[in-house]
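Trainee: Each chain, letter by letter, is given below.
Number of protein chains: 2
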Amino acid sequence: MIGFEHMKRISRGSTSKIVFLVMDGVGGLPHPETGKTELESARKPNLDRIARDSLCGLTDPISPGITPGSAPGHLALFGYDPVLYDVGRGIVEALGIDLDLKPGDIAARGNFCTVDDKGIITDRRAGRLSTEKNAELCRLLSDIALQGTGISVVPVKEHRFVLILRGEGLSPDLTDSDPQQIGLAPRKVQALSEHAEQTAGIANEFVSEASNRLRNQSSANMVLLRGFSHRPAIPSIPEIYKLKPAAIAAYPMYRGLARLIGMDVLPTGENIRDQVETLRRHYDDYDFFFVHYKQTDSRGEDGDFGAKVKAIENLDNALDGLLSLDPEVLIVAGDHSTPATLAMHSWHPVPFMLRARWCRHDAVSEFSERACLAGGLGRFPATDIMPLAMANALKLDKFGA
Amino acid sequence: MIGFEHMKRISRGSTSKIVFLVMDGVGGLPHPETGKTELESARKPNLDRIARDSLCGLTDPISPGITPGSAPGHLALFGYDPVLYDVGRGIVEALGIDLDLKPGDIAARGNFCTVDDKGIITDRRAGRLSTEKNAELCRLLSDIALQGTGISVVPVKEHRFVLILRGEGLSPDLTDSDPQQIGLAPRKVQALSEHAEQTAGIANEFVSEASNRLRNQSSANMVLLRGFSHRPAIPSIPEIYKLKPAAIAAYPMYRGLARLIGMDVLPTGENIRDQVETLRRHYDDYDFFFVHYKQTDSRGEDGDFGAKVKAIENLDNALDGLLSLDPEVLIVAGDHSTPATLAMHSWHPVPFMLRARWCRHDAVSEFSERACLAGGLGRFPATDIMPLAMANALKLDKFGA
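Protein chains in written order, with my numbering: chain A, 1 to 401; chain B, 1 to 401.
To be clear, the hints were calculated from the coordinates, so they are not data collected in a lab. Being a predicted model, the structure only gives us computed values, none of them experimental. Be aware that a few hints might be false.
A pair counts as met if it fits within one copy or between any two copies, since identical chains are not told apart.
Stated by the list, open to error - In silico EDC-like links for lysine to aspartate or glutamate, alpha-carbon gap of 16 Å or less: (1) Lys36 x Glu366; (2) Lys36 x Glu5; (3) Lys398 x Glu301; (4) Lys36 x Asp362.
Work out the full structure: start from the sequences and follow the hints.
Mentor: This is the structure:
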């Protein structure tokens with residue numbers, strides 16, 4: 001990738017359309033009984049047909065061996081070096097619920113959790129309490145007063161909330177209080193730089209007062225904080241690529257991330273058919289569409305191989321409406337692999353295909369990990385996807401004289 | 001690529017020969033009727049025989065998706081990071097007509113153009129005036145006097161000329177006057193740094209006086225300037241690789257670029273048979289030969305699929321004389337693709353082969369885009385070619401203890 005300054009110089013507006021379908025966590029591993037991955041097990045005539053007309057390959061979201069979180073995985077897809085552009089967990093969570101962050105605000109991801117009478121964590125998600133209960137508990141914590149620092153405690157879903165600290169001279173250079181495993185006590189938040197000492201004190205004061213106020217709750221009797229972060233300075237998609245981009249995503253986090261990098265976020269429904277319908281309705285209004293499909297990742301994380309196969313088939317089923325739009329560039333990619341056998345995000349490279357009039361086809365006739373390995377793109381960094389998309393949409397001038 | 005400082009340390013002189021044949025714009029796309037690319041359509045027994053004895057692959061001249069201009073495309077072939085070593089448009093143009101640039105000179109590419117009576121550009125090429133008329137107009141502008149700055153106005157072909165500014169303290173940090181579209185007025189040249197204010201004034205004074213002198217011309221009544229640039233500081237091939245290099249190129253731009261990086265430029269004829277004859281005549285005098293074949297690119301840019309196929313066949317026909325020299329390393333590469341169906345430079349990776357006693361062969365038996373995809377080098381950055389050439393010529397010591 002040539003760098004954003006060069007990209008800004010050679011990118012140009014045009015009427016061609018890029019549809020960028022992200023199947024979250026799509027890559028998998030073979031089922032021990034069949035020897036076939038989730039993609040190889042699914043009946044998916046549309047995806048396989050696209051593969052036959054595409055240039056295929058396998059992407060490394062960050063670099064070989066590195067398992068990406070959702071934010072870096074997606075940033076790489078849109079051309080941002082995920083090591084350079086670090087979006088903290090707190091910010092990602094805040095963006096996902098449409099919080100309007102001011103420069104200087106600190107956001108942290110919070111969990112309601114259960115601790116026993118010795119203060120040891122017994123459930124990091126407090127039995128996945130209801131979102132209604134979550135909202136009630138957030139109200140209970142919202143008027144905690146912290147030495148002139150404003151706070152917001154905003155419910156997300158189930159056990160998740162966002163803590164916002166707003167005031168002068170706050171620093172996000174803080175360790176997590178969340179040890180990310182049960183059997184341990186929550187940790188003290190510690191400053192990673194001198195400048196952050198005061199903020200660490202404030203965070204710990206919040207945790208301590210929250211613990212007091214939650215003492216009598218049956219399960220959600222403590223909070224865990226992680227990913228203290230500022231809103232990063234990050235160039236936008238319209239600025240870098242001269243695109244007019246829209247995001248069609250059902251999950252808040254992906255909507256938030258899309259907004260952060262300058263996409264319009266379109267209201268849409270909960271399932272992929274709604275999303276395709278949204279795409280169709282707004283097809284004339286934008287030249288770049290990020291369509292995010294979450295179920296492949298969710299079922300992979302559940303460790304449910306069959307359900308992930310089903311999720312792939314459901315997507316495939318909904319693709320007719322998308323294919324009939326016949327965009328100049330159609331991309332099917334993933335932000336990382338989530339093999340059901342591992343039941344978590346993984347480091348395995350991710351099947352990729354790009355269909356366009358001007359792509360040089362390869363012999364791949366199926367959308368799967370093994371088939372894409374023989375693709376014309378070989379194995380390549382995910383940050384190369386956007387230059388390829390732009391080139392195939394004839395939206396790039398040549399580089400140099 | 002390990003960087004030039006390291007390369008200088010490990011490269012060593014030897015008697016082995018490297019012949020580096022560049023088929024400009026060689027990569028293509030399938031013809032819609034036959035499904036075969038230009039290379040796949042051509043009868044080319046020599047190239048296919050070389051492929052059978054070679055290590056093959058596909059090069060990315062800059063990075064995936066990026067379409068190179070001729071200068072960065074060639075710089076990459078010789079190991080120069082084309083993003084780092086930026087050769088400006090003005091310099092490329094000047095090199096192409098054998099202008100002897102001094103350090104500190106500023107070169108700009110000029111167009112004679114047509115403006116209407118409101119000063120709006122109606123033809124950026126003044127009806128592609130004749131080269132003779134161009135020479136006459138350049139003479140008319142050559143004695144414009146500019147505050148102690150020397151100028152040369154040198155005709156190129158048709159509507160194109162080169163402007164050289166020579167004097168103390170000139171800076172190329174200037175915007176173009178050429179808006180690169182019709183319907184607009186030429187722009188004022190602006191300084192991009194404080195240091196360049198004076199040079200901007202001089203450039204604008206040139207434009208204004210040129211406009212006066214051209215006022216009564218029927219079509220070529222104005223000039224457009226772009227790509228103000230210095231001769232870049234660039235390490236030479238002999239310095240980096242300890243090679244004694246010669247260039248055998250029929251087109252001025254490639255001769256100029258070769259001279260810029262320290263190659264001797266050998267006088268040669270207009271066609272590939274002349275070039276091969278030149279190679280044979282000077283074979284004992286050098287250890288590195290850059291042989292540039294232009295026709296594959298020219299016919300591709302014409303959009304003439306059949307003529308590009310023919311250009312490949314003509315080259316193949318002329319190869320006997322080259323093959324009988326049996327150089328220790330023979331490379332066949334391209335600076336970029338120029339698919340006839342696109343009729344322009346493109347971003348598609350470029351077929352590559354390297355034949356040498358010590359290369360590890362692969363199973364490729366044909367020189368084409370699809371065949372090279374299965375080659376032992378896979379897809380790789382063009383800047384890796386020179387280290388591979390040097391290694392296979394046994395001209396590199398090992399790196400580190």
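Trainee: Hint by hint, note whether the structure agrees.
Mentor: To see whether the hints hold, each was checked on the structure:
1. Lys36 x Glu366: Only inside one copy: Lys36 and Glu366 sit 13 Å apart there, 22 Å across copies, limit 16 Å.
2. Lys36 x Glu5: Cα proximity of Lys36 and Glu5: none, with 43 Å in one copy and 37 Å across.
3. Lys398 x Glu301: Answer is between; shortest inter-copy Cα gap is 14 Å, intra-copy 42 Å.
4. Lys36 x Asp362: between (22 Å within a copy, 12 Å between copies)
When each numbered hint is compared with the structure, a violation occurs for hint 2 only.
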